[in-house]
Amino acid sequence: MENLKRELKEQIIERLNLEDVNVEDIADDMPLFGGGLGLDSIDALELIVLLENDYGIELTNPEEGKEIFQTVNSMSDFISRNRK
Amino acid sequence: MSYISSYCHISSTIYSVNGQVANTFESGTLDEIISELYTSLDIKYSKFHKMDQLSKIGFIGTELIKRDFPAIDNYGENDIAVLFANRRSSATTDINFLDSYQDGGIPSPSLFVYTLPNIVIGEISIRNKWFGENMFTISNHFDANYFANYCDILLQKSSEAALCGWVNVDDNKIEAFFFFITKKDIKQLNLQLNSEKLTEIYRAI
Chain V
1 MENLKRELKE QIIERLNLED VNVEDIADDM PLFGGGLGLD SIDALELIVL
51 LENDYGIELT NPEEGKEIFQ TVNSMSDFIS RNRK
Chain R
85 MSYISSYCHI SSTIYSVNGQ VANTFESGTL DEIISELYTS LDIKYSKFHK
135 MDQLSKIGFI GTELIKRDFP AIDNYGENDI AVLFANRRSS ATTDINFLDS
185 YQDGGIPSPS LFVYTLPNIV IGEISIRNKW FGENMFTISN HFDANYFANY
235 CDILLQKSSE AALCGWVNVD DNKIEAFFFF ITKKDIKQLN LQLNSEKLTE
285 IYRAI
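So the protein lines, in turn, are chains V and R.
Once you know that position 42 of the first sequence is 42 in the working numbering, the rest is easy, because the numbers rise by one and skip nothing.
For any residue, its number in the working numbering is found by taking its place in the second sequence, counting from 1, and adding 84.
In short, the hints are calculated from the structure, not lab data.
Honestly, I wouldn't trust all of these hints.
[Claimed, not checked] When the alpha-carbon atoms are kept at most 30 Å apart in a straight line, the in silico DSS-like pairs for lysine-lysine are as follows:
id	chain 1	residue 1	chain 2	residue 2
1	R	Lys128	V	Lys5
2	R	Lys134	V	Lys5
3	R	Lys128	R	Lys150
4	R	Lys150	R	Lys131
Chain V with its partners taken away, still in its complex shape (with noise of 0.2 Å):
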């Protein structure tokens, strides 16, 4: 599970062009969105296309991102019971 989280968050500052961010700065509890990291609605399409490009799961509810895309643990711990 700890090497799915680094990754995730390699993943994340890759594809959200995050610069400025690096993994040991984004702690497994950080929220993604609001206060911490600070993405947008962008971001959240963009975080949909990685689950579905990387790890076969298709959201087809998009009321679920809420929840999954919270923290680096949730969004872990969904991968981890969903992939293909």
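Since the structure of chain V is already known, use the hints to place chain R on it.
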């Protein structure tokens, strides 16, 4: 009567402010040159890295004008019009977006949002909280007459000043020219706005 109170040029090899060369670039890819420009100006704006090349150059050009003309901060949020133009619209990003899903991939949302040229004006307006008039036009060449006439109308009616830009990022080249128009010759550059003067300084670098 209006005046050109600040102007700057950005190319793939050099940038200048009011006709004075401010810096030159080592050769590199367009992304490397833009990154060098951003770093050298010590700008801190995390959303910059998400922008496409057109928006990045528009953003940097605006920062150069602001630094040369700090009194820009004295204008109200509706006072400054933003008037940009280029010859290729957002074609470079349009093609990148097409490439993102052509081989069965999923279209990239972050590329999609830049598939309109006027997004550069949006980025500048968000950064500076400017809510005045704005316009982005497509033209084969820099049309000094268009800019001079449009600014005259804007400054007679709804705007106190205008930030203008001819912003081209295509074929791995940058060709950008920004100028700030005011009602008074505040910096005493003695550059009264007309198409001849605009053409002259556009070609100066």
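Cross-check of the supplied hints:
1. R:Lys128 to V:Lys5: 28 Å, holds
2. R:Lys134 to V:Lys5: Given that 30 Å is the threshold and the Cα spacing comes to 23 Å, the pair holds.
3. R:Lys128 to R:Lys150: 15 Å, holds
4. R:Lys150 to R:Lys131: 18 Å, holds
Of the numbered hints listed earlier, not one is contradicted by the structure.
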